[in-house]
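Sequences are here, hints too, so could you generate the full structure?
Line by line, the protein sequences give chains H, Y, C and E.
With UniProt numbering, you'll find the first sequence wraps up at 484, consecutive numbering, no jumps.
With UniProt numbering, you'll find the second sequence wraps up at 484, consecutive numbering, no jumps.
With UniProt numbering, you'll find the third sequence wraps up at 484, consecutive numbering, no jumps.
With UniProt numbering, you'll find the fourth sequence wraps up at 484, consecutive numbering, no jumps.
Derived by calculation from the structure, the hints in this document are not laboratory data.
Incorrect hints may appear among the rest.
Same chains, same label: a pair holds when it works inside one copy or across any pair of copies.
[Stated by the list, open to error] With a straight-line cut-off of 20 Å between C-alpha atoms, the simulated EDC-like cross-links for lysine to aspartate or glutamate are:
| # | residue 1 | residue 2 |
| --- | --- | --- |
| 1 | K457 | D348 |
| 2 | K236 | E105 |
| 3 | K91 | D204 |
| 4 | K277 | E137 |
| 5 | K236 | D204 |
| 6 | K401 | E144 |
From a predicted model like this one, the values you see are computed outputs, not experimental measurements.
Residue-level listing of the chains:
4 protein chains.
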Amino acid sequence: MANANMNCWPLIVIGGSSERGQETMGAFQEFPQVEACRLYSKFSVRPSSIEAIPSVIEKAVRSSIYGRPGACYIDIPADFVNLQVNVNSIKYVECCMPPPVSMAETSAVQMAASVIRNAKQPLLIIGKGAAYAHAEEGIRKLVEQCKLPFLPTPMGKGVLPDNHPNCVAAARSRALQFADVIVLFGARLNWILHFGLPPRYQPDVKFIQIDICAEELGNNVRPAVTLLGDINAVTKQLLEQFDKAPWQYPPGSKWWNTLREKMKSNEAASKELASKKSLPMNYYTVFYHVQEQLPKDCMVVSEGANTMDIGRTVLQNYLPRHRLDAGTFGTMGVGLGFAIAAAIVAKDRNPGQRVICVEGDSAFGFSGMEVETICRYNLPIVLLVVNNNGIYQGFDTDSWKEMLKFGDATAMAPPMCLLPNAHYEQVMTAFGGNGYFVQTPGELQESLRKSLADRTKPSLINIMIEPQSMRKAQDFHWLTRSNM
Amino acid sequence: MANANMNCWPLIVIGGSSERGQETMGAFQEFPQVEACRLYSKFSVRPSSIEAIPSVIEKAVRSSIYGRPGACYIDIPADFVNLQVNVNSIKYVECCMPPPVSMAETSAVQMAASVIRNAKQPLLIIGKGAAYAHAEEGIRKLVEQCKLPFLPTPMGKGVLPDNHPNCVAAARSRALQFADVIVLFGARLNWILHFGLPPRYQPDVKFIQIDICAEELGNNVRPAVTLLGDINAVTKQLLEQFDKAPWQYPPGSKWWNTLREKMKSNEAASKELASKKSLPMNYYTVFYHVQEQLPKDCMVVSEGANTMDIGRTVLQNYLPRHRLDAGTFGTMGVGLGFAIAAAIVAKDRNPGQRVICVEGDSAFGFSGMEVETICRYNLPIVLLVVNNNGIYQGFDTDSWKEMLKFGDATAMAPPMCLLPNAHYEQVMTAFGGNGYFVQTPGELQESLRKSLADRTKPSLINIMIEPQSMRKAQDFHWLTRSNM
Amino acid sequence: MANANMNCWPLIVIGGSSERGQETMGAFQEFPQVEACRLYSKFSVRPSSIEAIPSVIEKAVRSSIYGRPGACYIDIPADFVNLQVNVNSIKYVECCMPPPVSMAETSAVQMAASVIRNAKQPLLIIGKGAAYAHAEEGIRKLVEQCKLPFLPTPMGKGVLPDNHPNCVAAARSRALQFADVIVLFGARLNWILHFGLPPRYQPDVKFIQIDICAEELGNNVRPAVTLLGDINAVTKQLLEQFDKAPWQYPPGSKWWNTLREKMKSNEAASKELASKKSLPMNYYTVFYHVQEQLPKDCMVVSEGANTMDIGRTVLQNYLPRHRLDAGTFGTMGVGLGFAIAAAIVAKDRNPGQRVICVEGDSAFGFSGMEVETICRYNLPIVLLVVNNNGIYQGFDTDSWKEMLKFGDATAMAPPMCLLPNAHYEQVMTAFGGNGYFVQTPGELQESLRKSLADRTKPSLINIMIEPQSMRKAQDFHWLTRSNM
Amino acid sequence: MANANMNCWPLIVIGGSSERGQETMGAFQEFPQVEACRLYSKFSVRPSSIEAIPSVIEKAVRSSIYGRPGACYIDIPADFVNLQVNVNSIKYVECCMPPPVSMAETSAVQMAASVIRNAKQPLLIIGKGAAYAHAEEGIRKLVEQCKLPFLPTPMGKGVLPDNHPNCVAAARSRALQFADVIVLFGARLNWILHFGLPPRYQPDVKFIQIDICAEELGNNVRPAVTLLGDINAVTKQLLEQFDKAPWQYPPGSKWWNTLREKMKSNEAASKELASKKSLPMNYYTVFYHVQEQLPKDCMVVSEGANTMDIGRTVLQNYLPRHRLDAGTFGTMGVGLGFAIAAAIVAKDRNPGQRVICVEGDSAFGFSGMEVETICRYNLPIVLLVVNNNGIYQGFDTDSWKEMLKFGDATAMAPPMCLLPNAHYEQVMTAFGGNGYFVQTPGELQESLRKSLADRTKPSLINIMIEPQSMRKAQDFHWLTRSNM
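In structure tokens form, the structure reads like this:
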């Protein structure tokens with residue numbers, strides 16, 4: 001039912017429930033499903049009759065894409081499947097119009113522009129709201145015209161390319177901590193952004209919040225300016241201000257210098273880690289080699305702990321809406337489902353496009369069996385399992401054997417450790433895809449080359465890394481978990 | 001915590017729950033209250049500590065007034081009352097800024113103006129969203145400049161005065177049924193507006209929806225144009241269009257003539273009913289006399305079945321946000337609470353202002369004991385109980401006696417009948433207020449005069465009407481219930 | 001649908017919801033009512049069709065009375081009212097059988113008997129579960145045969161008469177605090193019984209829990225013995241043990257002496273308060289005079305703070321299931337509804353029976369308008385409003401005037417104070433019942449005499465007491481609130 | 001915390017939620033988890049402090065095993081992990097006592113015995129309640145002493161051995177349809193037992209319900225007798241009746257003959273299917289060979305559609321509580337978790353015991369990755385994947401290729417088909433276990449022999465069957481789905 005002209009995709013879950021006539025009797029899988037989905041959905045409903053289905057679907061689609069997007073649930077009782085209905089009694093319902101667009105009030109836009117002009121250490125943060133709103137063109141103009149540094153959130157990556165000269169992701173902590181004015185483009189001040197609070201931010205930092213959701217504005221901090229509206233439309237309103245009275249932030253400012261220096265030193269540290277020759281490999285070495293071969297137009301899907309967090313800093317996105325990761329909720333198990341959905345969209349829209357799905361070994365364990373689906377539909381997916389034998393860290397084979405001397409694994413193995421030397425690639429070959437077990441940079445390069453070259457089959461590369469491999473030291477240890 | 005500059009009032013319910021340390025033990029009134037309030041609130045939460053209270057209140061206030069307004073619940077466990085906390089550990093949280101204002105996109109506004117210009121039989125409907133948005137000035141300009149007919153919803157009454165020459169409330173059904181273009185200013189197409197569907201509307205009527213809530217747009221009908229944003233701001237955008245290219249709808253059009261004729265005949269029919277000399281009085285006679293003495297600046301509160309529905313058509317509002325009735329949910333029992341809240345606001349803001357609370361006898365029964373509160377705080381309220389001895393209709397004393405011959409009232413009395421000749425005015429005198437029992441127009445006039453003249457005490461006038469008194473015949477019987 | 005042979009009454013709430021065909025459209029009072037009632041009901045459901053109504057009602061009735069009793073909710077959508085259905089498609093469903101009876105296992109009963117035999121300071125507590133189970137005969141035999149002291153909970157009063165020589169209610173705190181073995185007959189260790197924990201109990205007190213609900217057993221304390229089953233059946237099992245090997249607790253024991261002494265001194269203190277001649281009266285004076293005239297077979301309904309708590313200690317119950325008070329949840333506003341329900345049952349079952357409803361003035365304010373219903377159906381109810389002008393305490397007229405010198409009542413009056421000199425009796429006369437305003441013992445005696453003598457009309461006696469009147473001093477201040 | 005003397009295992013889920021101090025701020029995985037678990041749990045709670053944890057765990061354990069057993073949820077906020085607490089402030093809470101036992105009232109037991117004595121065509125149904133209650137000894141005596149035919153429900157299998165001469169499982173539909181008296185031992189009349197209604201039962205069949213849950217009694221049918229209590233205790237009560245006045249159902253009755261004939265013909269039909277030599281194998285051939293080698297004391301776990309349903313009829317249980325299948329809810333994805341839990345219990349209790357987990361290929365797909373856990377802890381599990389390439393039915397390789405000629409699999413493949421020739425055994429070898437791919441009876445026998453012989457490693461046998469293989473024809477097509 002998605003409208004061809006729509007840029008957004010409704011998220012509707014349709015569930016089957018037990019026959020209405022058997023309710024309260026102990027029917028097969030009888031459960032109050034509409035009620036159970038209430039907390040998870042914008043709209044959760046069972047159509048009261050077959051005739052009501054079209055209108056209920058319209059309402060669900062509309063609720064899903066109008067305002068802040070969200071999932072909706074529609075419950076179809078089992079007896080609907082075989083019910084007969086006069087086709088004339090069905091009222092055809094047209095798909096809803098594309099989401100309505102609203103703008104910020106002009107005075108607020110003027111105030112925002114003025115705050116930006118007066119900033120000493122400005123920063124733009126680009127969130128997934130900007131991606132959903134297709135605001136990339138406007139934000140790029142703003143960044144380039146005003147010479148402003150920017151930072152993407154995990155799902156905001158790619159709205160502007162990660163290799164854009166104004167992207168200061170490599171100095172993320174520094175940028176957050178010392179900015180005096182921060183413009184949020186559809187980014188929430190939640191745990192991912194450390195709630196917008198000191199010590200991760202200056203106590204007097206001025207936030208300019210641009211958001212489609214009124215209730216989000218002012219959450220956790222009192223912003224200097226709030227701009228309620230469609231992020232694309234509001235960005236254009238801001239641009240108008242800077243078109244009327246052109247202004248640019250001095251590229252030679254102390255702030256730019258600070259950020260560039262910090263980026264340089266961080267990138268050097270990463271590069272040093274990446275170039276380590278010791279085996280097993282570390283995260284940086286792995287991602288460095290993956291990045292080298294990453295097709296520019298691929299969809300990147302990722303989940304895991306260190307795998308997702310470190311991978312996000314090294315693997316670059318060049319296009320908007322080309323990255324899916326665990327996001328706001330940090331839910332594990334979503335990666336393969338995301339990859340399958342992305343691949344099905346890609347197959348239609350851009351036959352050459354690849355989906356690169358970068359998984360921690362633990363994350364892969366949640367829904368690894370989806371490789372059957374990937375192989376069944378022969379989807380253009382390359383799966384990378386970055387395998388450290390555990391969550392955050394595991395044991396190598398020798399340590400594992402050592403541990404077992406003291407007793408049975410059910411009693412001895414730490415809960416975050418997984419089996420060493422698991423051959424996840426064989427889960428792929430079991431279903432006819434390509435599987436690679438790699439232990440060295442050379443093997444990794446070779447297997448990536450083959451996987452990307454073979455357009456006839458999906459592949460899985462099981463990449464063995466140092467089980468104790470950690471991320472590089474952080475400047476800042478407060479709330480380390482949330483350094484996405 | 002309401003900001004002096006704010007035009008809106010947050011609706012926060014603070015509930016006390018049992019001590020945290022006794023949870024799961026069977027504490028006094030132990031219950032999952034936050035969970036129980038979830039379905040009824042925009043935000044339902046228990047602060048996790050005393051220190052968290054200011055920030056939770058800020059969030060509740062903000063959620064209540066940002067976006068579409070709604071109620072919020074805050075749960076305070078009993079042990080918080082006596083807990084001690086270092087005053088320095090409390091983080092003072094400023095009240096949120098006034099709600100952010102958004103506007104519709106310009107192209108949509110232009111399209112809306114064009115649809116209006118091309119309307120043959122246009123109609124504006126003014127909902128409570130327009131009242132909340134303080135859009136009265138803009139809407140008045142639009143109505144007067146473009147000579148357009150308008151209709152208020154129950155809670156939209158008074159945004160423009162009911163006696164405005166362009167108000168076609170007296171031809172409501174006709175106006176809805178034959179309009180070809182309808183502009184909704186913060187009015188939902190719910191049961192009150194018959195869902196926007198035939199036969200109460202033309203099948204091809206073009207709706208222009210102006211609303212602050214994106215998900216409301218397109219609900220039940222596919223609108224011609226949707227304008228998402230603050231209703232006041234969007235109204236001004238529309239006005240700009242008509243300022244740039246002035247236009248007015250011809251006052252001598254056939255549509256205007258049809259509406260005026262229908263209004264005249266409806267008003268004549270009401271007047272005829274109102275002028276009936278037979279006793280007991282009917283609804284129209286009562287409201288006619290009330291309307292004559294209604295202070296122009298009073299707050300009108302009303303609830304009941306016929307009392308609310310008929311009263312709404314006769315009692316006029318001249319000022320925005322000066323009417324409270326059962327509204328969207330049609331909940332009975334809210335009237336006296338509304339009256340008390342309105343009176344407390346009035347006392348502060350406008351010492352001479354009166355609250356006139358028009359209650360059906362059944363509706364009064366839900367919370368009639370609140371007269372104690374009214375008397376305790378000596379609030380400037382005049383309560384009218386329009387008493388037909390029942391819901392929709394009751395028995396007179398003789399019929400009641402007749403019925404009792406056949407058995408005991410618990411067995412015989414219809415469930416919608418109340419006691420005949422109940423002296424509700426004595427419920428007021430019991431607490432020291434003025435009470436009047438009136439049976440004739442003369443008594444009604446006299447008691448109203450006295451009640452309004454006595455600024456030292458609240459009054460209650462118990463107005464006996466014909467127990468079988470009904471509303472006048474309706475053109476249209478489809479969904480009669482919802483003819484608010 | 002209640003079975004004539006059943007001793008228990010199902011509690012079913014039937015609610016009307018909006019038409020199914022208008023769901024999701026904004027129907028009149030559209031709300032997920034089944035879901036909203038879930039937390040409050042044992043069973044909450046909407047029948048899926050008219051045909052399903054009989055079976056759903058059977059399920060609700062059965063759920064309500066089988067196992068631990070509770071309320072159930074049935075939702076009837078508006079369109080069911082006018083739907084037609086072939087009468088042959090309705091499957092008639094017989095009412096369920098009376099609740100199944102279960103017994104405790106014999107070894108546990110033996111162990112319980114042995115623990116009782118070895119008790120030094122035994123105590124029986126009779127809860128409302130004993131009343132629901134109709135266990136009065138068995139418990140009386142046990143008490144009398146074994147010469148054991150007992151204590152009723154608020155809703156367990158009357159299972160044995162309050163004036164039974166073995167009732168130690170007048171030494172409640174003492175009895176709880178020093179008992180070494182306590183047998184609970186359908187009484188929960190919740191706030192009313194101070195959770196069964198020190199300092200209100202000995203740390204090593206042995207609880208024998210008799211309950212119909214398995215999950216209740218062991219709650220908050222680890223009992224010495226648990227007896228799961230119907231309380232009546234289990235009591236008989238216990239009696240069998242004491243029939244087989246007769247035993248009685250020595251009536252001259254130190255424990256009995258302690259309890260009797262404490263009772264004597266408490267009763268003397270009460271009597272002293274009751275005999276005070278000063279005016280306004282205090283609680284004890286009032287209840288003393290009420291008790292004198294209380295018909296032995298009346299139903300006593302009560303709610304309030306001090307009114308309910310003190311009244312409960314003075315007003316005696318002689319018959320089981322003849323007292324209704326706010327109980328476990330302590331909910332205010334239930335009194336008049338309870339009185340009406342009790343009166344309707346009484347009218348049928350025992351035409352001479354009276355319902356005496358003892359209300360605090362604040363409690364009366366919650367649903368005082370129900371006097372209209374009482375008068376409409378001419379129910380055999382005598383309402384007593386024990387009026388101290390507030391909750392816990394209020395102001396007298398002079399203090400109130402004094403306070404008002406400092407400002408307006410909305411600003412100055414403490415939140416727990418009500419209007420002084422409120423004439424609640426006029427709320428009764430307003431609807432044709434008898435009303436009395438009493439200030440002295442003589443007036444109270446006279447008005448009670450008249451109210452009980454007049455079988456043609458309900459009465460309300462508004463009893464003015466000292467606004468600062470308090471309960472007598474307590475031995476024990478820990479958790480004073482819960483000394484029900 | 002499980003008590004060594006307890007026969008039952010509490011089911012407690014402990015979830016971690018976000019830090020309390022970050023609630024409402026957008027914390028990591030912030031969600032109202034206690035509320036979200038409410039519908040799924042008997043008891044769902046967050047301890048209010050660290051000190052409260054022991055008592056909350058005791059309550060959860062007790063709720064889980066007292067009365068009808070069920071799952072409980074305990075929520076631990078993240079900040080509890082690092083909170084420090086004075087060890088003396090923690091109140092140690094003993095584990096609850098074993099569940100209390102209750103019995104039916106004697107008169108009801110007598111009536112039940114009398115109904116059984118007068119039965120013409122009696123049937124006992126043994127449900128999982130009998131297994132939970134450890135009622136095997138009593139039920140065996142009753143069956144053998146009274147010569148009664150019995151039938152187990154899916155989870156009641158093994159309470160008596162499936163090869164018991166009185167087991168009429170092979171004539172299930174016949175037995176249900178013509179019995180005139182049915183005794184339910186902890187079996188619900190839900191979808192699995194066709195709700196106890198015609199046409200699957202005689203309209204006047206007399207049910208004797210034995211259950212621990214009062215509210216279950218009388219559900220869907222009006223039983224002749226209800227026996228509320230612990231199923232083991234009640235069975236013993238019944239036995240006492242038949243001890244006092246011995247009675248047995250005539251083994252040469254027409255009913256026994258009818259049942260035996262039907263069993264013979266059904267078993268012959270199964271045997272014929274099992275002996276088919278055609279390849280690929282069918283379900284019966286597979287299960288016949290599995291059954292031949294099944295260790296008598298193994299735990300059988302099973303899930304799937306046909307795999308579970310047909311497997312249940314062929315694979316025999318000899319011991320109570322040695323079978324776990326999808327049960328009442330029919331939830332897929334539980335099999336491997338069940339197998340792991342069973343294996344961990346087995347390892348402790350009976351080191352030689354094996355868990356045989358029989359999975360449909362689709363069912364395996366839900367949580368197949370759990371083989372990593374199985375291998376990590378080297379659990380004594382033999383996994384059988386009965387592989388028909390789909391749900392209910394799939395395609396063979398040739399049909400699949402044929403289909404693909406018409407288009408892409410994402411467009412063409414029916415939603416219930418899975419990849420043909422999936423090598424699930426390689427999912428096992430990937431983690432170091434044994435894997436077998438078998439296509440013939442000989443290979444199946446051989447692989448089973450090896451798997452059972454190898455006590456050092458888990459095994460997975462991927463058994464290819466005819467993709468269109470169906471169950472044998474059923475007598476009865478009404479509600480075929482529920483023929484468990």
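Hints versus structure:
no. : hint        : verdict
1   : K457 - D348 : within (17 Å within a copy, 45 Å between copies)
2   : K236 - E105 : both (13 Å within a copy, 11 Å between copies)
3   : K91 - D204  : between (57 Å within a copy, 15 Å between copies)
4   : K277 - E137 : neither (41 Å within a copy, 68 Å between copies)
5   : K236 - D204 : neither (27 Å within a copy, 35 Å between copies)
6   : K401 - E144 : neither (57 Å within a copy, 53 Å between copies)
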